[in-house]
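Listed in order, the protein sequences are those of chains V and D.
The first sequence begins at 83 in my numbering and counts up by one.
The second sequence begins at 334 in my numbering and counts up by one.
Keep in mind that the hints were calculated from the coordinates and are not lab data.
Quick caveat: nothing in here was measured; it's all calculated off a predicted structure.
Keep in mind that a hint or two might mislead.
To be verified - Some, not all, of what chain V presents toward chain D, calculated at C-beta under 7 Å:
1. P156
2. A171
3. E180
4. G220
5. K222
What the hints assert, rightly or not - With a straight-line cut-off of 30 Å between C-alpha atoms, the simulated DSBU-like cross-links for lysine-lysine are:
6. K208/V with K222/V
7. K648/D with K208/V
8. K550/D with K222/V
9. K208/V with K245/V
10. K260/V with K208/V
11. K222/V with K260/V
To be verified - Restraint ranges, calculated between C-beta atoms of paired labels, are given here:
12. E608/D with D197/V: 28 to 38 Å
13. S154/V with L357/D: 52 to 62 Å
14. A161/V with K480/D: 26 to 36 Å
15. E261/V with A461/D: 25 to 35 Å
16. H95/V with P666/D: 32 to 42 Å
17. G91/V with T573/D: 25 to 35 Å
Idealized CB from N, CA, C, for every residue including glycine.
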Amino acid sequence: MSELLTLSGVETHIGRYHILHGVELGVPEGQTTMLLGRNGAGKTTTLRTIMGLWRASGGEIRFGGERIDALSTPAIARAGIGYVPETMAVFSDLTVKENLVLAAREGEMDQTRLDWIFGFFPPLRKFWLSRAGTLSGGQKQMLSFARSLIEPRRLLLIDEPTKGLAPAIIGALIDCLKEVKRRGATILLVEQNFRVAQAIGDTVGVMDNGRVVHAGTMAELVADEAMQQRLLGLSLDTHQ
Amino acid sequence: MSAQGTDGDTDAGAALPKTPRDYLPLLLPVALALAALPFVPSTSTWVTLTIAGLAMGMMIFVMASGLTLIFGLMDVLNFGHGAFIAIGAYMATLVLIPLAAWMQADSVWLNLAAVVPAVLFAMAVTGALGLAFERIVIMPVYGQHLKQILITMGGMIVAEQMLYAFFGPQQIPLPLPTSLRGSFQFGEAAIEKYRVVCVLVGLAVFLAMLAILNRSKIGLLIRAGVENTEMVEALGYRITRLFVGVFMAGSALAGLGGVMWALYREQVNAAMGGELLVLVFIVVIIGGLGSVTGCFIGALLVALATNYAGFLVPKLALVTDILLMVAVLLWRPRGLYPVTSR
Chain V
83 MSELLTLSGV ETHIGRYHIL HGVELGVPEG QTTMLLGRNG AGKTTTLRTI
133 MGLWRASGGE IRFGGERIDA LSTPAIARAG IGYVPETMAV FSDLTVKENL
183 VLAAREGEMD QTRLDWIFGF FPPLRKFWLS RAGTLSGGQK QMLSFARSLI
233 EPRRLLLIDE PTKGLAPAII GALIDCLKEV KRRGATILLV EQNFRVAQAI
283 GDTVGVMDNG RVVHAGTMAE LVADEAMQQR LLGLSLDTHQ
Chain D
334 MSAQGTDGDT DAGAALPKTP RDYLPLLLPV ALALAALPFV PSTSTWVTLT
384 IAGLAMGMMI FVMASGLTLI FGLMDVLNFG HGAFIAIGAY MATLVLIPLA
434 AWMQADSVWL NLAAVVPAVL FAMAVTGALG LAFERIVIMP VYGQHLKQIL
484 ITMGGMIVAE QMLYAFFGPQ QIPLPLPTSL RGSFQFGEAA IEKYRVVCVL
534 VGLAVFLAML AILNRSKIGL LIRAGVENTE MVEALGYRIT RLFVGVFMAG
584 SALAGLGGVM WALYREQVNA AMGGELLVLV FIVVIIGGLG SVTGCFIGAL
634 LVALATNYAG FLVPKLALVT DILLMVAVLL WRPRGLYPVT SR
C-alpha cells in the first residue's frame, strides 16, 4: 500500500537540544500507524515536527508525495492534516460549539457529520453551549477529537489520547478511531497504552532516543513477546 | 445542513445547560458609585462626579482596549502603546487647526465636518504606524519579553522626541467644537455635553468589540488566539495576519482615545502618551490580561475612584489607581476576567 506520509532522515533541534536523529517512518494510506516508545523517545516531537510546530532541521517530510517540511503550520493543516495534541488544547474560553465552529475551516458545520460525532461523544451535545474550560478531562479529549473530525482530513495526528482517561471514554475513542479509519482516513497515533495500540493499530513504529528503531506490522509485534520486551520493555500480559 | 446558525441548532437545543456567568465584577462600578454617595455632600455633585468618572473611564477604555488584545493575543508587552495615543492627538490637530473656523461655528454639521475627518485621519495614521511598528519593531522580538519592554519603550521615546521635533515643545491648544461646549442641566446637576459624547463613543466601541469578538469568526479566532496561538495555527489559520490586524486596530483605537483625551483636556502635548500609559497598564492588569470586558470594568473603576477621591480626599487621588489595583489583585490575582494563562 502506498505511503501517505513519509519521513526521511528527519532531524529536529529544540534550542540547543538535538531531539530527533534522522527519523525514518512511513505511514501507509488508509491505515492506523502506532508510534510507540518510552517517555522522551521523541514521539511527540515527531508529531509536532510533522505539523511544523517545531521546524525540521534536516531530512524531508512528504505528504501525498509533496514536501511539507518547509511549509508553515497553517499550510500543513490546510493540506489535510488534523492534529490532536497531548494537551488537548481546547479553547477553554470558547463554548463547545464555538470550538467546533472554529475547527470547521471551510465554512459551516455539517449537521450529519455533527450527529455522527455526537454518536460517539454524547456529552458534547449535552454541553454544547458550555465553556470548554468547564468540561472534565475526558470531555475535553472528546472535544479535541471532535475538532479534528468536524471536517474530513486525509491524515490525523493524535498524541496520547487515552492518557489519564476512564476505560469507558477510552472505549468510545477506540470505536471512534475505528470508524474514522473505516471512512478512509489515515491515522498516526502516539500511544503509551499497548492494549489500545493493539486494538486499533495496523502498523507500528517504535522510537528510542530520537530514532525509529523498529517498523513493521502490529500483528508481528503482538505475536513476538521478546520483541516487545526488547523494544518497549514490556510484555502484553503485564498490560492487560 | 448547517449547524452554525443559531444556538439551538442541535437536537437538545435551548434546554442545554449554559455555563454560569460571573457577574460579580460587573457590579463593582455600581457598588463603588453607591458607596461614594453618602460621602458626597449633594446628589447633584455626585451625579456630576459620576458622569465625569464614566466619561474618563470610557476614554481610558478606548485607549486600553487595544493594548489588552495585543497583550492577550500576541503576548507582546507594548510599552510603545502610549506613542499612538499622542500621535493620534497630534494628527487630529493637523486637521482641526486648519478647520478652526468650522470648529467654532454654531452649526453642529460644520463641527462634525471638522471632527469626524480629524478622528478618521488620526485613526488611519495610527493604524498604519501600528502596522509598521509591528512589522519592524515588534516582529523580531516575539516571545522575548525583556527585549519587548526595552525596544517598545525605546520606540515610545523616539516617537515622543519626533513629536517634539516636528510640532515643537509647546502645548498645542485644541478647543472643543462649539456644539460640544457647555452643559446639560438636570436639576442642580450640570453634565458637560462632551462627557456625554465620550460615554456614548466609549459604549459604542465596547459594544462593537463585544459584537466582533462574540458574533464573528474573526472574533472567535482572536479569542482562541489569546488562549493558544499554536492550536489556532494547527487548525489552519494564519495567526500572523490576525496579529497584524489586531495590532493595527489596537493602535487605531489608541489614536481615537488620544483624540478624545486631547479634546477633553483641550490641549495636546507630546508627553501625554507616556503619562496615560501607566493608567492604561493599570486598567489592563485590573481587567485581566486579554479581556475586553475586564478592561472596560477596570477603566470605569479607576476613573470613578479617581474622581470621587479627587473630590473627597484630594491627596489620595494620586494613588487611588494603585490602591485599586492592589485591592483587585488581592481578591483576584489574575485580574477581574483573566483570559490568558500567562
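Now for the hints, and whether the structure bears them out:
1. P156: OK, holds: P156/V within 7 Å of chain D, min 5 Å.
2. A171: Constraint on A171/V satisfied, holds at 4 Å.
3. E180: holds (6 Å)
4. G220: Cβ of G220/V sits 17 Å from chain D, so the hint is violated.
5. K222: violated (12 Å)
6. K208/V with K222/V: The given pair, whose Cα atoms are some 13 Å apart, holds under the 30 Å limit.
7. K648/D with K208/V: It is violated: about 55 Å lies between the C-alpha atoms, which goes past 30 Å.
8. K550/D with K222/V: holds (21 Å)
9. K208/V with K245/V: Judged against 30 Å, a Cα distance of about 23 Å means the pair holds.
10. K260/V with K208/V: Cα-Cα ~24 Å, so holds.
11. K222/V with K260/V: holds (20 Å)
12. E608/D with D197/V: 28 to 38 Å: Distance hint for E608/D, D197/V is violated at roughly 58 Å.
13. S154/V with L357/D: 52 to 62 Å: violated (42 Å)
14. A161/V with K480/D: 26 to 36 Å: For K480/D against A161/V, whose Cβ atoms are near 34 Å apart, the range 26 to 36 Å holds.
15. E261/V with A461/D: 25 to 35 Å: violated (51 Å)
16. H95/V with P666/D: 32 to 42 Å: holds (37 Å)
17. G91/V with T573/D: 25 to 35 Å: holds (29 Å)
Checked against the numbered hints given earlier, the structure breaks hints 4, 5, 7, 12, 13, 15 and satisfies all the rest.
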